[in-house]
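Residue numbers (our numbering), protein chains in the order written: chain C, 1 to 231; chain X, 1 to 515.
Simulated from the structure, these hints should not be mistaken for laboratory data.
Certain hints may be false.
[Claimed, not checked] A few chain X residues that face chain C, going by a derived Cβ cut-off under 10 Å, partial list only:
{"#": "1", "residue": "Ser44"}
{"#": "2", "residue": "Thr151"}
{"#": "3", "residue": "Ile213"}
{"#": "4", "residue": "Arg307"}
{"#": "5", "residue": "Lys393"}
{"#": "6", "residue": "Asn513"}
A virtual CB, placed ideally from N, CA and C, is assigned to each residue, including glycine.
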Amino acid sequence: MTTIVPLDSQKHQSLSLISNAGYAHIQQSHLLPLTVHEFAMAATNFPIVFVKDAQTGQFKACALVGLKPEQNLFSKNSQWLGSYIPEFAKLHPFVAVKTEANSDKYVICIDESSESLSQKGEGDKLFNDSVASEVLTQRGNAAVAWAQKSDLTDAFIRHLLEVEIIQSQSLSISKEDQSYNLTGCYVVNEAALNNLDPQVFMSLKDKGYLAPIYAALLSLNQVGNLLKLAD
Amino acid sequence: MSSDEINTIVIVGGGTAGWLTAANLAKSFNSKVPGNIKVKLIESPDIPTIGVGEGTWPTMRATLARLGIKESHFLATCNATFKQGTKFIGWQNDQHHNQYYHLFTSIFDPTQFNLAPYWLKGVAGQSVPYASAVSAQSALVELGLAPKKITTKEYEGIQNYAYHLDAGKFSELLKEHSIHSLGVEFISANVTDVNLSSDGSIANVQTDTHNKIEGDFFIDCTGFKSLLLGEALGVGFTSIKDTLLTDHAVTIQVPYEHEDSPINACTHSTAQDAGWIWDIGLTNRRGVGYVYSSQHVSHEDAEATLRQYIGDSAQRLTARKIKIDLGYRNKFWHKNCVAVGLSAAFVEPLEASAIFLIEAASNMIADQLPSSRQALQFAERKFNESFMFRWSKTIDFIKMHYVLSDRKSPFWQDNKLSSTIPASLKNALASWQEQSVSAYDFAHVYEPFPMESYQYVLYGMGNKPKNIAANRYTDIDKAKAQFAQVQKITEHLIKDLPEQRALLNKVAQYGFNTI
C-alpha cells in the first residue's frame with residue numbers, strides 16, 4: 001500500500017534514501033506513465049498506449065510493459081531487461097504534486113511505505129539539520145521536471161483527442177497456445193492520421209507533435225518484444 | 001424552383017418542444033448551409049415556458065449525441081443527473097412499505113429468452129422481486145449508484161440510463177445550440193394572427209415586431225394554447241379526463257440540505273389518496289410535485305399533503321399550482337401544420353412520456369416531411385396514424401398503473417371503474433391473466449413502451465397470470481443459470497460503480513471522453 005505524503009523537514013528528518021533499491025515498486029505494474037519527451041526512446045522498447053486514469057477518466061500515455069494486469073516483464077530480480085527505463089520508474093519514492101489545480105507551484109511528496117527509504121541511516125540522508133541534502137534537491141527537481149513534462153504530455157494528448165486520431169483498440173495477442181486480451185487501451189490510428197485534413201496535419205507539425213505521433217505508431221510493433229520476454 | 005417545394009419551416013413557440021424540434025430538424029436538413037431547408041423559430045419574449053416534466057427516456061442520449069452536444073456540457077448546464085428508472089412506492093395497496101421498480105436495463109433480452117414465466121414459477125426464489133431477479137439496476141439504485149464511471153465514454157452506459165433535467169435550462173441550451181451551431185433563425189416576437197390560404201392551409205403568421213413570417217410548413221409548439229392547429233385550423237380536442245382522473249399538479253422546488261447530499265438515482269413516485277407525488281433529484285435541488293384529482297381532494301389539502309411529504313424544510317418554500325388538461329388533438333398534423341408537445345397532447349407525467357414523444361414526433365417529421373406540398377396529405381395520414389397509436393398506447397400504459405392497484409380511497413376505486421378503462425387495456429389485461437405478456441403483444445415497431453416496461457409494472461404490482469402449467473417453460477436449467485448470472489453481475493457492479501453525486505462532481509471537473 002502506497003502512502004504518499006508531503007515531505008516534511010521535521011517529520012522526515014531522519015530518513016535516508018537507498019539509491020540502488022531496484023524496481024520493486026513497479027514490479028506489479030503492467031503500465032508505466034510516460035511523458036511525450038520519452039516517446040522516441042520508449043518506442044524502441046515498449047508499445048506506447050493511452051489509457052484512462054480510473055480516478056479522473058483523463059488519458060495518460062503509458063509504456064505497456066506486461067501482457068496482463070500486474071505483470072511487468074521488464075523487471076526481473078532487481079534488473080531492468082530493456083535498454084530504456086521510463087523516467088517515472090526512476091522518480092520513486094518522490095512525486096511532485098501541484099499545490100492547486102491550476103498552479104505552477106509544486107510540493108514534493110514521498111511514498112512513506114517505500115522500501116527505498118530507511119530509518120536506519122542506510123544510503124544518503126534527505127536532510128542535513130532540516131536543510132534539504134544535495135540528493136534530495138536533485139531528486140526533487142527531477143520530480144518537478146517530470147510533472148511539468150507530464151502537463152505538456154496532457155496537452156499533447158488533448159490535441160490528439162481533438163483531432164480524433166486516438167482510437168480504442170483491444171489488443172488481442174496470441175502466440176502458439178498463449179493468448180492475451182488487453183482492454184482499455186487506446187492507440188494512434190494510422191488511417192485516421194492519414195485522413196487528416198492537410199491544414200490540421202500541418203498544425204501537428206507546427207506544434208512538434210509529428211515525431212512523438214509516429215513514435216507511438218511504430219511502437220506498437222514492440223508487442224513482439226513483450227511476447228519474447230514472456231517466454 | 002417551383003412554388004410547390006417545401007423550403008422554409010416555421011416553428012411557433014420555444015420551450016422544450018419548440019427548441020428540440022428546431023434542433024432536430026435543422027440537424028437533419030443541415031440547415032446551416034445556405035440553400036438547404038430553412039428552419040425559423042418564433043418565440044414570444046412575453047410568454048413564460050412551462051417546464052414539461054423533468055424526466056427523459058434513454059433515447060435522449062442518442063438525440064443529444066446526434067445534435068452534437070457534449071454530454072458533460074449538457075449535464076453541467078441543465079443541472080442534469082442520471083435516471084435509471086422509477087421507484088413506485090405504495091402503489092400496490094394501502095399497507096406501508098410496498099414498492100417496486102420500473103427499470104431501464106434487463107441483463108438478458110426477454111424477446112430472446114423470456115425469464116418472466118420462470119420467475120412466475122418461482123425458479124428465481126420465492127421472495128425475490130421481479131426487478132431484482134432480472135436486473136442489477138434495482139440494487140444499484142437502492143445504493144444511489146451511477147450507471148457508469150468517469151472512464152466510460154460520453155453517452156455510453158454500463159447500465160442503461162436517461163436523465164433528470166431542469167427543463168428551463170434545457171430549453172436554453174437547445175436554443176443556444178440551435179442558433180449558433182445548427183443554423184436555426186430565431187425571431188423574438190409575439191404571433192398576433194395566423195393567415196390561411198384559400199385551400200385552408202397556413203399561408204403565414206403575423207407578428208407584432210417582425211411583420212409577416214412566411215413559410216411552407218408550420219409547427220405548432222405553442223403549448224396548451226395550440227394557436228395554430230387548435231385555434232387557427234380548428235382541430236378539436238378530445239379530453240381523456242374520464243380515463244385518467246388527475247387534473248392538477250402542485251409543485252415545490254426543494255434545495256438539498258447539504259451540497260453533497262446524495263442524489264436519487266431514479267424517479268420516486270409515491271402513491272397518495274388522490275394521486276401520486278413525483279420526486280426528482282437534480283444536482284442543485286429536488287423537484288417534487290403532487291399530481292391529483294381536484295374531484296377527490298381540495299387544492300389546500302393537496303398542497304398540505306405535498307408539504308407533509310417534504311417535511312419541515314417545506315415551510316419556507318413556495319408552491320406552484322398547475323392545471324393540466326389531459327387529452328389529445330383529434331389530428332396532430334393537418335395540411336401544412338403539425339403540432340408537437342403540449343399543443344398536440346398531454347397525458348400525466350407518470351412515465352415521463354412528454355419529452356420522449358417530442359423527440360419521436362420531431363424524428364418522424366424530419367424523416368417524413370415531403371419535398372413537395374402535394375405529397376403532404378400522405379405524410380399527414382401516416383403521422384396521424386402513428387401518433388394516435390403512440391398516444392393511445394401511452395394512455396393505456398399509464399392507466400394500467402392505477403387499474404392494478406388495491407388502494408381503497410375513492411380516487412383509486414374510481415380509477416378501477418370499468419367505464420374509465422379503455423377497451424384495449426381491458427383486453428390486454430384479460431389476456432395476461434391467462435398467458436404471461438410476450439413479444440407477440442408488441443408487434444408494432446413504434447410501440448412507445450417495450451415489453452420489459454409492462455413486465456416491470458405488471459409483476460411489480462403483483463399482477464400474475466392465474467396459472468402457469470407445470471408442463472410449460474421447461475428449460476429450468478437455463479433460467480437458473482441466467483438468474484444466477486444476474487446476481488453475479490449485480491455483486492460486481494455494486495463494487496464497481498461510483499455514487500451518483502461523486503460521479504457528477506467528477507464529470508463537472510474532468511468531463512467524459514468522447515472515445
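Right, here's what the structure says about each hint:
no.	hint	in the structure
1	Ser44	39 Å, violated
2	Thr151	4 Å, holds
3	Ile213	38 Å, violated
4	Arg307	41 Å, violated
5	Lys393	38 Å, violated
6	Asn513	6 Å, holds
Checked against the numbered hints above, the structure violates hints 1, 3, 4, 5; every other hint is satisfied.
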